[in-house]
Amino acid sequence: MFNLDLGVIVQSIPFLWQGMQLSLTLTFLAVCGGIFFGTILALMRLSGFLPLSLLSATYVNLIRSVPLILVIFWFFFLVPLAVGRPIGGFYSALIAFVLFEAAYYSEIIRAGIQSVAVGQVQAGRSTGLNYWQIQRYIVLPQAFRNMIPILVTQGIILFQDTSLVFVVSLRDFMTATSIIARTEGRLIEMYLFAALVYFVICYAGSLLVRRLEVRAA
Amino acid sequence: MNYNWDWSILFQEPYLGWLISGVQWTVAVALCAWVIAIVIGALVGVGRTVPNRAVRKLCAAYVELFRNIPLLVQMFVWYFVVPELMPEDVGRWMKRDMPNPEFVTAVVALGVYTASRVAEQVRAGIEAVPRGLSDAAKASGLSIAQTYRYVLLPISFGTIIPPLTSEFLTIFKNSSLALTIGLLELTAQSRQIAEYTFHGFEAFTAATVIYVAIALVATIGMHILERYTRIPGQLGSG
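Protein chains in written order, with the numbering used here: chain A, 440 to 656; chain B, 1007 to 1244.
Simulated from the structure, these hints should not be mistaken for lab results.
Treat the hints with care, since some could be wrong.
Among chain B residues calculated to face chain A with C-beta under 8 Å, some are [unchecked claim]:
#: 1; residue: Asn1010
#: 2; residue: Glu1070
#: 3; residue: Leu1078
#: 4; residue: Phe1082
#: 5; residue: Val1087
#: 6; residue: Glu1090
#: 7; residue: Leu1175
#: 8; residue: Lys1179
#: 9; residue: Leu1190
#: 10; residue: Thr1193
#: 11; residue: Ala1200
#: 12; residue: Val1218
Counterexamples of contact, computed for chain B against chain A with all Cβ distances above 10 Å [unchecked claim]:
#: 13; residue: Leu1037
#: 14; residue: Cys1038
#: 15; residue: Val1061
#: 16; residue: Pro1076
#: 17; residue: Val1079
#: 18; residue: Lys1101
#: 19; residue: Pro1107
#: 20; residue: Val1110
#: 21; residue: Glu1133
#: 22; residue: Ser1146
#: 23; residue: Ile1150
#: 24; residue: Asn1180
#: 25; residue: Leu1183
#: 26; residue: Gly1206
#: 27; residue: Ala1213
#: 28; residue: Ile1220
Since this is a predicted model, take the numbers as computed values, not measurements.
Cβ coordinates follow ideal geometry from the N, Cα and C atoms, glycine included.
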């Protein structure tokens, strides 16, 4: 029962590393895209212009009430249909993650923007800056500074979420692990190894967040 | 983009039946897992605030362990690994005779995972109670159990409920991961309909609408609960 075969893990490391590279790439791009579109959604929500803020609120609440797996299925179905030809799983997954995470990031960024003191905006306006200059030079830099720990936390969650591309057989770390587990018949070793790897990375990330919080406080 | 619209397939058999059974599994998994999550989450959350250092460490370890491993991996570990690590008889029973193995595994995995998130909310709620109150309880001679029973828990309850609403919504969404171990819940059924009929648009729309409806009902339910548990005079009451 307990004769674990660690050799199978060592042998499959190059294959698993390829998967991990895909997981990390997907995480990085989705964090960048998510923060970019999340900022736009947050600015729309706070713009004070009703159609824009309503649109943003509807989008965010809609995305936040459906499971990520369903969103992934949606985009694997929609993207090739919209483009008119298959463009590969990676890009469909990337679009799904960016648009999904943007909704979550926008809520974080909205709270961050609201935490900037009103006097800052008033000071900017009285110095003669326009809306975009105030956002660009005064509000967003301060907001993002306050948000760094929570943005990193969301990044860790996103990294865990990338494992869900398993449902469309995209070869990330999780799918690679599962392929080895099945072909070699070593489910116990491979899934425990996957749990260990994810734990080490995410726990290290959460320690980083704790240090960032201390510095921010 | 040319696409053949046909919303009527959603109301044809067997597809309507698939959707209904999917909703039933989704709700069943989420509600059963929620019971586990609340019970373990409350215990672990309280455990993180007690004076005993060993208990605190143990409960912190629980939260870190389950929070830092993706739910998908946890699902697989419960489904494929745990039966092998059990004593032989138990393992054999889990693999051969346990009724509804996918359902039971999904409930346990989701419940134990969500418990770690509930525990964080419970801990935050208890820590938000001003220190003076537990000092006052100690000064008036209450034991630790009495302090929790009569002071800390009743006061923190009102602050714990609102964040739990979002956890309650999350558990319905996370129940979709049960499809990775073969449980045909709502998301899985909608994909199956998409594959059988080539009407992905209609099938995924149906699932999306149902999830949004579940979220609405759950939010309303939790708001009613919030109103009943609110302590007069505290922030947000009115």
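- Query: What hint numbers does the structure not satisfy?
  - Reply: The structure conflicts with hints 1, 9, 16, 17, 24, 25, 26, 27, 28, although it agrees with all the remaining ones.
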